[in-house]
Amino acid sequence: MSESNRNESLPDEDSSDDGLWNEFETCATSVTHLYRNSNWRTLQSAAASTTQLYKHGLEMKKRSFDRGFLKGRLTLSREISAMCRYKNKIDVADIIALLSKYDLLPTAAFGAKQQRGGEQPNIATAAIPSADHPAGGTQQAVFLFQE
1 MSESNRNESL
11 PDEDSSDDGL
21 WNEFETCATS
31 VTHLYRNSNW
41 RTLQSAAAST
51 TQLYKHGLEM
61 KKRSFDRGFL
71 KGRLTLSREI
81 SAMCRYKNKI
91 DVADIIALLS
101 KYDLLPTAAF
111 GAKQQRGGEQ
121 PNIATAAIPS
131 ADHPAGGTQQ
141 AVFLFQE
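Residue numbers (full-length UniProt numbering): 1 to 147.
Think of the hints as simulated: they come from the structure by calculation, not from any bench.
For clarity, every value in this text was computed on a predicted model and none was experimentally measured.
Take these hints with a grain of salt, some might be off.
Cross-link-like lysine to aspartate or glutamate pairs, in silico, EDC-like; alpha carbons within 16 Å at most [said to hold, decoys possible]:
| # | residue 1 | residue 2 |
| --- | --- | --- |
| 1 | 62 | 17 |
| 2 | 61 | 18 |
| 3 | 89 | 59 |
| 4 | 55 | 79 |
| 5 | 61 | 23 |
| 6 | 61 | 103 |
| 7 | 55 | 23 |
| 8 | 101 | 79 |
What follows is a list of derived Cβ distance ranges for each label pair [stated by the list, open to error]:
| # | residue 1 | residue 2 | range |
| --- | --- | --- | --- |
| 9 | 43 | 17 | 25 to 35 Å |
| 10 | 84 | 44 | 52 to 62 Å |
| 11 | 48 | 94 | 49 to 59 Å |
| 12 | 28 | 87 | 18 to 28 Å |
C-beta: ideal position from N, C-alpha, C; glycine also.
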């Protein structure tokens, strides 16, 4: 990732981290007030701030997962484009090897033998058609690449 892209993403991450920290401080203050003065109003305030902290935390977790997923797909795309750039002809086995490196191929692509025995997939034989999967793993790899 270039330095400019990294700097552009920092303010969003920092502001969301600051927002979560502020929610935590508000929640801690509300719970402290509840221990000092236990009445209905402080209980409602503590419950509301705790609920808000929980919701904000879930949103942050979801955003972080989405951000990581997109960065992973971007990394994979860059590796495949680098492969295309430096090689005149790309072998399907190379793409299958790259996709299996990131565990992106379904286990059916390597046949039922691997599922039963837990053996490591052999990239050289992954594209060979089998009785269960007439096209082998090649069509699945190409379909996954097109997504």
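Hint by hint, here is what the structure shows:
This hinted pair checks out: residue 62 and residue 17 have alpha carbons roughly 14 Å apart, not beyond 16 Å. About 14 Å separates the Cα atoms of residue 61 and residue 18, which keeps this hinted pair within 16 Å; it holds. Of the supplied pair hints, the one linking residue 89 and residue 59 is violated, its CA atoms being roughly 44 Å apart against a limit of 16 Å. Straight-line distance between C-alpha atoms of residue 55 and residue 79 comes to about 36 Å, which puts the hinted pair past the 16 Å bound.
A C-alpha spacing of about 15 Å is found between residue 61 and residue 23, which places the hinted pair at or below 16 Å, so the restraint holds. Between residue 61 and residue 103 the CA atoms are separated by roughly 23 Å; this puts the pair beyond 16 Å, and the hint is violated. Between residue 55 and residue 23 the CA atoms are separated by roughly 10 Å; this keeps the pair inside 16 Å, and the hint holds. A hinted pair counts as satisfied when its Cα atoms are at most 16 Å apart, and residue 101 with residue 79 qualifies at roughly 12 Å.
At about 29 Å, the CB distance of residue 43 to residue 17 agrees with the hint of 25 to 35 Å. Taken as a hint, the range 52 to 62 Å holds for the pair residue 84 and residue 44, whose Cβ atoms sit roughly 60 Å apart. Taking the beta carbon of each, residue 48 and residue 94 are about 56 Å apart, inside 49 to 59 Å as hinted. Separation of residue 28 from residue 87 is about 57 Å and departs from the stated range, judged on CB atoms against 18 to 28 Å.
Violated hints, in rising order: 3, 4, 6 and 12; the structure is consistent with all others.
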